[in-house]
Each structure stands twice: as C-alpha cells, then as structure tokens.
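K.L.:
Sequence:
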Amino acid sequence: MDPSAAASASLVVRSPRQTVSLLRSRRPQFGRPERERQRNPKRGREPAAGPKPSEVYGFVGSITVVIATAVYLAWAYTPEPVLRSLGITYYPTKYWALAVPSLAMVALALSLLAYLGSNLVATPPPTSFSTIFDEYSRERPAAAVPVDAATAQEEEEEEEAERPIEPISDISIHHINNLMFGDH
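Note that the sequence shown covers residues 1 to 184 in full-length UniProt numbering.
Heads up, a few of these hints could be off.
Label pairs and their computed distance ranges (CB to CB) [what the hints assert, rightly or not]:
| id | residue 1 | residue 2 | range |
| --- | --- | --- | --- |
| 1 | 59 | 122 | 33 to 43 angstroms |
| 2 | 66 | 166 | 37 to 47 angstroms |
| 3 | 138 | 178 | 14 to 24 angstroms |
| 4 | 156 | 126 | 22 to 32 angstroms |
Using 25 angstroms as the maximum straight-line C-alpha spacing, the simulated SDA-like pairs for lysine to any residue come out as follows [to be verified]:
| id | residue 1 | residue 2 |
| --- | --- | --- |
| 5 | 94 | 70 |
| 6 | 94 | 52 |
| 7 | 94 | 75 |
| 8 | 94 | 108 |
| 9 | 94 | 104 |
| 10 | 94 | 112 |
| 11 | 52 | 62 |
| 12 | 94 | 116 |
| 13 | 52 | 75 |
No lab work stands behind these hints, which were simulated from the structure alone. Ideal Cβ positions, reconstructed from N, Cα and C, are used throughout, including at glycine.
Hey, can you work out the whole structure from these sequences and the hints?
P.N.:
Structure follows, in structure tokens:
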C-alpha cells in the first residue's frame, strides 16, 4: 500500500455521530454469554451504560445554580472598595441585589394569586347545567360504613394493601363542597 494513501486515510475527519456509532458497535457486551446472544437474536439492545441525558442536564443545571448563587452572594455582600481593589469595576449597582429578589417574590405571589383566581372564575356554580349528572356519568361506588373506629382502621389497612386503583369516576360538586367545607 502506498504510504501517502495510508497517511491520507488516517487523516479522515469523522463527525461525532459517526464516532459514537462506531464506538457502540465495537463495544464488547459483558454479562451476556455468546450462546444467549445467538439464541435470542431478536432481543432488543440492552440499555447503554452511563447516565441518561436528563440526569446530565439536571446535574449541570444544579451545579450552575450553585455557582451562580455563590457569585451573586459574593457580589451582594462584598463592599465596593474591595471589588474595585480586585479590578472588578463593571458590575450592577447594589440596588439590584435587593430589587431582583424582591421583584421575583412579588411576581411569584401575583402569579399564584392569578392562578387561583383563574381557577375560581373557571369553576361553574353548583346550579350550573355542567355539574348535573346524567345517564353517562360514572358515579363513585359508596363504601359500607363500619361500626367502630378500630374496625374501620383495620378494614382500611387491609383494603389499602389489596385495593387496585379506582376507575375514573365523576365526583359531584356537592360532595366536594361537603368534604371541604362541611355540612352548613
């Protein structure tokens, strides 16, 4: 083989995607004997070892938040003459050290109030036709009431262990009001 051809072949630039696919195809599969791989050729690929991308993003995000908080606190609590002596002259005024968190808390409180208010406005009154039950409504089955509290607790613990998730059902607005506000 020509030495110049070998040199040019070694200088081939591959994209990162090609490199990763080559690494995956060459990776040895530990923990799974060759006989089992031949016996189950249709079996799906085993999950790749290593962290998931969402875990990596979460880790990098948490580290970034910690570093940003440390820089913010250092800037907020370090006196201006010390910052100037370190050569740090281009930074916001100390007014923003209090203004930004205050504005963030007020914005959070107002957004919570707006969310609760929009839910209250969207809730139909008890006399609305949208709260009426008809033949297509699925009402939750009523449970039998036990005689005393000890028996009730024992029965509830037994049922919790064996009870599957209840099917979807409609709960009347009157039942919710009685649970939340009591019988008035």
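K.L.:
Look at each hint and say if it fits the structure.
P.N.:
These are the hints, each one checked on the structure:
no., hint, in the structure
1, 59 - 122: 33 to 43 angstroms, "39 angstroms, holds"
2, 66 - 166: 37 to 47 angstroms, "42 angstroms, holds"
3, 138 - 178: 14 to 24 angstroms, "19 angstroms, holds"
4, 156 - 126: 22 to 32 angstroms, "30 angstroms, holds"
5, 94 - 70, "16 angstroms, holds"
6, 94 - 52, "40 angstroms, violated"
7, 94 - 75, "8 angstroms, holds"
8, 94 - 108, "22 angstroms, holds"
9, 94 - 104, "16 angstroms, holds"
10, 94 - 112, "28 angstroms, violated"
11, 52 - 62, "16 angstroms, holds"
12, 94 - 116, "34 angstroms, violated"
13, 52 - 75, "35 angstroms, violated"
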